[in-house]
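K.L.:
Mind docking chain B on chain A? Use the hints.
Take a look at the letters that make up each chain.
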Amino acid sequence: NAGVTQTPKFQVLKTGQSMTLQCAQDMNHEYMSWYRQDPGMGLRLIHYSVGAGITDQGEVPNGYNVSRSTTEDFPLRLLSAAPSQTSVYFCASSYSAGANYGYTFGSGTRLTVV
Amino acid sequence: KQEVTQIPAALSVPEGENLVLNCSFTDSAIYNLQWFRQDPGKGLTSLLLIQSSQREQTSGRLNASLDKSSGRSTLYIAASQPGDSATYLCAVRTYSSASKIIFGSGTRLSIRP
Chain A
1 NAGVTQTPKF QVLKTGQSMT LQCAQDMNHE YMSWYRQDPG MGLRLIHYSV GAGITDQGEV
61 PNGYNVSRST TEDFPLRLLS AAPSQTSVYF CASSYSAGAN YGYTFGSGTR LTVV
Chain B
1 KQEVTQIPAA LSVPEGENLV LNCSFTDSAI YNLQWFRQDP GKGLTSLLLI QSSQREQTSG
61 RLNASLDKSS GRSTLYIAAS QPGDSATYLC AVRTYSSASK IIFGSGTRLS IRP
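So the sequence lines, in the order shown, correspond to chains A and B.
Per our numbering, residue 1 is the first one in the first sequence, and the count goes up by one each step.
Per our numbering, residue 1 is the first one in the second sequence, and the count goes up by one each step.
Warning: the hint list may mix true and false statements.
[Said to hold, decoys possible] Lysine to aspartate or glutamate pairs mimicking DMTMM-like chemistry, simulated, CA-CA at most 20 angstroms apart:
no.	chain 1	residue 1	chain 2	residue 2
1	A	K9	A	D73
2	B	K42	A	D38
3	B	K1	A	D56
4	A	K9	A	D38
5	B	K68	B	E3
6	A	K9	A	D26
7	B	K1	B	D27
8	B	K1	A	E59
9	B	K42	B	D84
10	B	K68	B	D27
11	A	K9	B	D39
12	A	K9	A	E72
[Unchecked claim] Pair ranges (Cβ atoms, derived):
no.	chain 1	residue 1	chain 2	residue 2	range
13	B	S96	A	T5	29 to 35 angstroms
14	B	Y76	A	M27	28 to 34 angstroms
15	B	S96	A	K9	30 to 36 angstroms
16	A	L79	B	A9	32 to 38 angstroms
None of these hints come from the bench; they were simulated from the model.
Every residue, glycine too, gets a C-beta built ideally from N, C-alpha and C.
Bound-form chain A, shown alone (with noise of 0.2 angstroms):
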């Protein structure tokens, strides 16, 4: 089905340690974000991206990073966890601007930093 996979699901880290949180869409979508949604902080955007090779900061990108080598991937790495960074991170992907597009999202990956 065509849609935003978003894995793993669920992973707990211990703090220091790294690791990528992986998303891939099949729409040939050019947009493509990360959000963290957090108790009482709602949805913040970390990093997004509007097509291969280019990649800008959001709202909440320390301790993040990305890249875009192709269109179809867009990995969130995080270089040294630290507790501040358990969430739920959701990846989510559009066409490029335009008023009938919207967007969609994966179904999320549950982090926790211990």
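P.N.:
Relative to the frame of chain A, chain B by itself:
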């Protein structure tokens, strides 16, 4: 900077009632506005997308309206059911930041049987 507000933060109504959820935004130069539903521990499901040139969109018991000039959108749910219990989020896509969408903080809806 676009700001999106949803009031109330939580709402509890008896089954069968019609209800309205509100979303307001500060920058009226938008491409579109999207309403999402999120069940506890789950992802976001898109319910309705209203283009900037449209006044409303309907899907089943859901009707979303858009008034760009006043910076407001409403989501109307007819004949509410316990299965409608979830958090409802609105998000806007603006001309100035077309590569991302800005979310409101959501309304947590509970329908009492």
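K.L.:
Now look at each hint and say whether the structure bears it out.
P.N.:
Here is how each hint holds up against the structure:
1. A/K9 x A/D73: Satisfied, since the Cα-Cα distance of roughly 17 angstroms is no more than 20 angstroms.
2. B/K42 x A/D38: 13 angstroms, holds
3. B/K1 x A/D56: The given pair, whose Cα atoms are some 17 angstroms apart, holds under the 20 angstroms limit.
4. A/K9 x A/D38: Given that 20 angstroms is the threshold and the Cα spacing comes to 16 angstroms, the pair holds.
5. B/K68 x B/E3: Holds: B/K68 and B/E3 sit about 14 angstroms apart, inside 20 angstroms.
6. A/K9 x A/D26: Cα-Cα ~19 angstroms, so holds.
7. B/K1 x B/D27: 7 angstroms, holds
8. B/K1 x A/E59: Answer holds: B/K1 to A/E59 is near 12 angstroms, not above 20 angstroms.
9. B/K42 x B/D84: 14 angstroms, holds
10. B/K68 x B/D27: 9 angstroms, holds
11. A/K9 x B/D39: Holds, at roughly 16 angstroms.
12. A/K9 x A/E72: The given pair, whose Cα atoms are some 19 angstroms apart, holds under the 20 angstroms limit.
13. B/S96 x A/T5: 29 to 35 angstroms: This hint holds: roughly 30 angstroms between Cβ atoms.
14. B/Y76 x A/M27: 28 to 34 angstroms: For A/M27 against B/Y76, whose Cβ atoms are near 29 angstroms apart, the range 28 to 34 angstroms holds.
15. B/S96 x A/K9: 30 to 36 angstroms: Between B/S96 and A/K9, where Cβ atoms are some 35 angstroms apart, the hint holds.
16. A/L79 x B/A9: 32 to 38 angstroms: Distance hint for A/L79, B/A9 holds at roughly 35 angstroms.
No hint from the list above goes unmet by this structure.
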